[in-house]
Amino acid sequence: LAFCHVSKRASSVAKCLKLISPKNIILKQHALSMEIIFIFISRPNVRFWYRKEKNSVTFLRGITTWTDIGFSVAEWTKRMFDVSNCDKFETVMLCDPPEFDDFFSIFSEHRRIENLILFSDCTNSFVKEVAETLLPITSNIEFFFSKDSFNASEDLRKILTQKVNSMEINIRGHPSYFNLGDLLTSNAVKLVLRGVTLTHKELNEFFKMWMRNKCNPRLEYLTVLLYDVNFEDAILSGLDSVRVPEGSLPRYSNSGYSDNIGGFDIRRIDGKIGTIKFGLNFVKFYRDGKKIHLLLMPQNHTEYMVVLVDNNHPVWRILGLSTAELIHRILDVTNCESIQEVLFCETESFDALPILATLPHIKNIFISRACNEVFLHKMFEMLSKVTSNIDMYQDRFGNLEEFQKVLMLNMYSITINVMNFIDPTRFRLSLDDLVICNAVHLHLYNVMISVKDLSRFFKLWIRNKSNPRLEHLKLMRLEEVSPDVLLKGLNAIEMPPTTTRTFRVSDDANTQCREKVVTGGLDMIRSDGTRATLTMVGTSILDFYVWIPARKP
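Residue 1 is where the sequence shown starts when you use full-length UniProt numbering, and the numbers rise one by one after that.
Keep in mind that the hints were calculated from the coordinates and are not lab data. Be aware that a few hints might be false.
As the list claims (entries may be wrong) - Just the calculated beta-carbon pair ranges, DEER-fashion:
no., residue 1, residue 2, range
1, LEU32, GLY489, 40 to 48 Å
2, GLU129, HIS361, 49 to 57 Å
3, GLY489, LEU400, 26 to 34 Å
4, ARG504, LYS163, 50 to 58 Å
5, PHE104, GLY238, 22 to 30 Å
6, GLU402, LYS163, 17 to 25 Å
7, THR161, VAL537, 43 to 51 Å
What the hints assert, rightly or not - Straight-line Cα separation of at most 20 Å, DMTMM-like style, residue types lysine to aspartate or glutamate; simulated pairs:
no., residue 1, residue 2
8, LYS28, ASP96
9, LYS452, GLU402
10, LYS405, ASP433
11, LYS459, ASP395
12, LYS163, ASP233
13, LYS363, GLU401
14, LYS474, ASP395
15, LYS474, ASP432
16, LYS363, ASP332
17, LYS163, GLU132
18, LYS190, GLU114
19, LYS516, ASP543
20, LYS158, GLU129
21, LYS28, GLU99
22, LYS452, ASP523
23, LYS452, GLU479
24, LYS128, GLU99
25, LYS190, GLU168
26, LYS488, ASP523
27, LYS385, ASP395
28, LYS465, GLU494
29, LYS474, ASP523
30, LYS277, ASP395
31, LYS28, GLU480
32, LYS163, GLU90
33, LYS459, GLU494
34, LYS28, ASP82
35, LYS277, ASP332
36, LYS474, ASP433
37, LYS474, GLU373
38, LYS190, GLU129
Even glycine gets a Cβ: it sits at the ideal position worked out from N, Cα and C.
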């Protein structure tokens with residue numbers, strides 16, 4: 001890949017010599033630069049940066065740079081494809097309108113794009129050109145826009161009419177105008193809408209038209225995020241829907257989407273069945289090794305309760321019993337002092353939060369990607385005092401001041417999982433965030449952190465100027481961590497690879513410890529004499545173990 005930059009003849013030789021093809025190619029485009037990442041199955045990732053300034057290409061974070069290469073960004077990309085023997089882009093991320101004259105000619109050979117992601121900094125004119133040029137060769141599209149991204153509805157509908165496998169529209173800030181006509185225009189197999197202004201009546205009318213076979217015949221999966229509550233009756237009105245018991249056998253679509261949580265079945269005139277499902281909150285109880293799974297329906301469906309015990313699911317009617325009474329009655333009968341897990345799978349009515357806040361203790365709270373930030377703020381405000389561990393699946397957090405309040409809580413563990421790990425605007429933590437965090441265990445998966453900030457954090461730890469409660473920091477991410485930058489000035493002591501030490505991890509003081517054998521590593525000594533060990537697997541997985549006095553290596 002690097003050799004092909006020398007000359008056209010060298011490029012031809014490199015093309016003949018290729019032995020291992022990458023699994024995926026990811027393209028990240030900015031205004032004045034473009035990055036291509038080659039993902040290999042059993043080898044390190046390879047990165048190249050093309051910069052318009054000086055017509056240069058950089059290989060592996062500045063190790064090698066070619067200036068005045070003499071060919072355009074389109075010609076450069078063609079060489080990359082020829083040598084790598086790839087026939088499509090796995091992901092194309094468009095972050096800003098490009099200032100390359102021949103940018104769209106990159107795709108002139110009609111190479112397929114598996115996933116196309118557009119971010120909010122893209123202008124309307126650029127989005128139009130993307131719709132005309134790239135959407136016809138794209139399988140899956142994801143948009144991150146502001147509410148004013150589409151000034152004319154016809155521009156949006158040109159995008160919606162594309163025959164793609166999936167389309168996700170995420171509107172940031174205030175909801176964007178989106179009506180029934182727009183929804184009927186859609187031609188995607190899977191459609192996800194977040195932050196749009198669809199009303200309950202419009203959704204109800206859409207389902208009626210679906211039953212009459214008067215709308216998108218390709219549709220297999222639709223998700224619409226609504227911020228209101230108590231909308232189920234309005235959406236189901238006149239649909240003659242049939243309730244599907246929770247815990248029914250899984251339903252599978254042709255595209256592989258499956259669900260077994262139940263819902264409401266509606267039938268189309270050609271005999272096909274669609275299922276409408278509303279969000280649920282899940283509460284798990286553990287008792288003597290047996291798992292009891294309690295499903296609480298939304299507020300206006302509390303007359304039903306489903307309990308799964310070892311995958312058996314009897315159903316009881318509980319008319320006259322509130323959700324709060326139900327939870328406390330279950331706790332009383334089982335003699336449980338706390339709830340093991342609470343899972344928030346979707347943004348639901350805030351009414352459940354005061355009920356959960358009355359519980360004596362919630363050991364673990366899991367927050368899915370579908371929960372919006374408004375709900376998260378309220379949930380943390382009401383439940384932070386009764387929980388010990390938080391596990392978040394979130395791609396970003398807009399209000400950083402509110403999130404810093406979460407970091408400062410005396411949690412036993414905080415885990416942040418970023419699902420869209422190739423999004424350049426994803427969850428980012430600064431040095432200040434790391435310093436103020438007060439958790440015993442901090443686990444970060446695909447969270448963006450500057451390597452220099454990470455190095456400064458370890459220096460502060462050595463001077464005893466950061467979180468004194470920290471025992472374990474784990475970082476896994478796609479980007480490589482430069483050992484030279486990370487370790488500069490730390491005076492770390494490299495331990496022999498034959499050195500083994502046992503780090504005992506416990507969920508809290510009342511649970512049995514788990515053991516982790518630490519081999520080799522780099523030792524650091526804090527000003528108070530406390531020792532810690534830093535281990536790295538490859539260049540993207542990092543663990544930091546603190547040997548507290550009661551657990552010396």
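_Unsatisfied constraints (hint numbers, rising)_ = 1, 5, 6, 9, 11, 12, 13, 27, 28, 30, 35, 37, 38
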